[in-house]
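From first to last, the protein sequence lines are chains X and R. Each residue of the first sequence is one higher than the one before, counting from 1 in the numbering used here. Each residue of the second sequence is one higher than the one before, counting from 1 in the numbering used here.
Take the hints with a grain of salt, since some may be wrong.
Sample of chain R residues facing chain X (criterion: CB under 8 Å; computed from the structure) [as the list claims (entries may be wrong)]:
no.: 1; residue: Ile144
no.: 2; residue: Ile298
no.: 3; residue: Tyr339
no.: 4; residue: Pro341
no.: 5; residue: Tyr409
no.: 6; residue: Leu411
no.: 7; residue: Glu416
no.: 8; residue: Asn419
no.: 9; residue: Lys423
no.: 10; residue: His426
I should point out that these hints are in silico values taken from the structure, not numbers from a laboratory. Computed from a predicted structure; not experimentally measured. For each residue, glycine too, the CB sits at the ideal point set by N, CA and C.
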Amino acid sequence: MTEFCAPFQNNESLYQQARAFWGKLEGISTILLIIAVVIGVLFAVIYYKPYNNKPGRHYTPKYWVIFLIITFVVAFLLTLGFEYISVAPHLKGAMLLETKIALGNGIYASALYFIVSVLWCNALPTNAYRLFEF
Amino acid sequence: MMKSITMLMASGMSTSGFTVVPVILDPHLDLEEKKNLHSLIESYEEIYRHSVNNGTSTLNSLDGFFNSEMLTIGELNEQLNDTQQAAGNTEKFRSYINVANLGADNVNNYFVQTLFSNKNLNNPLSVGFKGNPNVGTVVLGEMIEGADWFKAFKTKCEKDDRVFIISSIFGGTGASGYPLLEKKIRGASDNPTVKNALMGAVTVLPYYGLKDPTTTGSDIDSANFYTKTKAALAYYQNTVQSDYLYYAGEKTLRQVYENDEKKQEDTANFIELVAASALFDFLKRERPDRKQYMTRAIDDDVESLDLVTMGSGYKEIVKCVADYMILRTFIQNLPNEKYFPLKKNRGLDGGFYKDAAFQSLVRFTEKYYQWYYELSTNKRAFAPLHYDSIKQMDGWVKTIDLDAKDDSYYLLRMIEASNRYTKKDHSNKFRFFLQFAYEAINGYTQKIMK
Numbered sequence: 001m002t003e004f005c006a007p008f009q010n011n012e013s014l015y016q017q018a019r020a021f022w023g024k025l026e027g028i029s030t031i032l033l034i035i036a037v038v039i040g041v042l043f044a045v046i047y048y049k050p051y052n053n054k055p056g057r058h059y060t061p062k063y064w065v066i067f068l069i070i071t072f073v074v075a076f077l078l079t080l081g082f083e084y085i086s087v088a089p090h091l092k093g094a095m096l097l098e099t100k101i102a103l104g105n106g107i108y109a110s111a112l113y114f115i116v117s118v119l120w121c122n123a124l125p126t127n128a129y130r131l132f133e134f
Numbered sequence: 001m002m003k004s005i006t007m008l009m010a011s012g013m014s015t016s017g018f019t020v021v022p023v024i025l026d027p028h029l030d031l032e033e034k035k036n037l038h039s040l041i042e043s044y045e046e047i048y049r050h051s052v053n054n055g056t057s058t059l060n061s062l063d064g065f066f067n068s069e070m071l072t073i074g075e076l077n078e079q080l081n082d083t084q085q086a087a088g089n090t091e092k093f094r095s096y097i098n099v100a101n102l103g104a105d106n107v108n109n110y111f112v113q114t115l116f117s118n119k120n121l122n123n124p125l126s127v128g129f130k131g132n133p134n135v136g137t138v139v140l141g142e143m144i145e146g147a148d149w150f151k152a153f154k155t156k157c158e159k160d161d162r163v164f165i166i167s168s169i170f171g172g173t174g175a176s177g178y179p180l181l182e183k184k185i186r187g188a189s190d191n192p193t194v195k196n197a198l199m200g201a202v203t204v205l206p207y208y209g210l211k212d213p214t215t216t217g218s219d220i221d222s223a224n225f226y227t228k229t230k231a232a233l234a235y236y237q238n239t240v241q242s243d244y245l246y247y248a249g250e251k252t253l254r255q256v257y258e259n260d261e262k263k264q265e266d267t268a269n270f271i272e273l274v275a276a277s278a279l280f281d282f283l284k285r286e287r288p289d290r291k292q293y294m295t296r297a298i299d300d301d302v303e304s305l306d307l308v309t310m311g312s313g314y315k316e317i318v319k320c321v322a323d324y325m326i327l328r329t330f331i332q333n334l335p336n337e338k339y340f341p342l343k344k345n346r347g348l349d350g351g352f353y354k355d356a357a358f359q360s361l362v363r364f365t366e367k368y369y370q371w372y373y374e375l376s377t378n379k380r381a382f383a384p385l386h387y388d389s390i391k392q393m394d395g396w397v398k399t400i401d402l403d404a405k406d407d408s409y410y411l412l413r414m415i416e417a418s419n420r421y422t423k424k425d426h427s428n429k430f431r432f433f434l435q436f437a438y439e440a441i442n443g444y445t446q447k448i449m450k
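With the sequences and hints as input, model every part of the structure.
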């Protein structure tokens, strides 16, 4: 918060707005985390079950990577959209902050997609190639 | 015909639980085609053995590809070879019937001169009877009775075993051998099991011709095929003792081959396929009250046959051939499929594809492809398949749209079949391959049978 609010310390009104903005972002952080979890798990489930129940050699790593990218992009866009609607970025640097958070959420979702993939490859039924089976 | 039988068995045609024990009677020892047939049968046996091998024990036969056991009479009797050597020797026919011992004025000498030409008398027995059943009838009887394989057959033949005789009616060996063989079996009074065995036979009427023998110096003249056929049929009418007798043939000699009796490089023909199907029909049937004479027709008299022009009676054959040709795509492409799930799930990895079992299958499949290619380009052509691209497979069986648009549909079904199979009864990777491939292919090609 300090880093984001610091540039507004000379203007009390803007400083308070910045603090409020930060506070609202903190308020939706649980929802942002849920977005990352849902997207990461959802796309892993879709990849390992319905998508690989269809023909087209979907079991190859190429499609796993495509789903990883989709997971990242969807998590990023959903996060950014949700942030924009919930906490409008009127202040200078607010949009950049929301974009950074959305990027981070995209990475979390991708990491979750990977973790679920590892679990799936080792324990659950699928028609996909078990790329991460140990 | 035996080649077609082997190919159909490989494709999944059922022998109704019977083990097929082929006995090939051909005195023509050097014939390449005969050697190739022996090699094909050995390949089949090898693949079958791999499919049922479970270390120290043996598994049940698979459903689908290579589902029936084939054994040579030699293996059954634990001999090293079977009919290969015993059926022919280099002795001349003249010497075999001892013509030299007959005086010039002996009435038997005149009788021999009437029945046999000089060429007949001077032919070595090792080259076959060259379309002369009059020679075959004299020689084969003794060849059968004295042969080790016939003794082995009589010893090994058990209750409920069946006998099926395949022959052509327009040549020498087959035309003369069939009634003789039948007589030997029905006359085995010392062995009631053999004598009373349910017996079937298919005899092939003329379906190909040979080029003019005067230009090639051959002893075989296909102009006589119909005359010989009529004579043989007249003889068979009152003498055949089979419970089922199947006839297969063409109305005209559609294909003309080179008249080279040494090579006899005749390509696979639709009539042989039809004749081969008689065996599978026979094995399904019960003992009849009286002799049954069987034949089968095609719906349309066209040069190139597909599922519709052949008629519904041929669906099973078309399905089997389609199944194997689809299996061929697996055999060609799966070794290059780096991330095929069964590589991890069932161990179908690089080592598996280099292993003896899979390599035997590769070699067999090359022969299978050649066989189908010959059938599909011969006259008349058996060509019910398009088999060009694995990217467009819905039209692989002409006149039917299969639901599998490309090979990935089959591969997915193969993966699903593997996932469904949770039994831990064996770890035979080759068996897994054949089993799951058949389940995958059959799931789509069942449509042919509707």
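Right, here's what the structure says about each hint:
no.: 1; hint: Ile144; in the structure: violated (55 Å)
no.: 2; hint: Ile298; in the structure: violated (35 Å)
no.: 3; hint: Tyr339; in the structure: holds (4 Å)
no.: 4; hint: Pro341; in the structure: holds (5 Å)
no.: 5; hint: Tyr409; in the structure: holds (4 Å)
no.: 6; hint: Leu411; in the structure: holds (7 Å)
no.: 7; hint: Glu416; in the structure: holds (6 Å)
no.: 8; hint: Asn419; in the structure: holds (6 Å)
no.: 9; hint: Lys423; in the structure: violated (16 Å)
no.: 10; hint: His426; in the structure: violated (21 Å)
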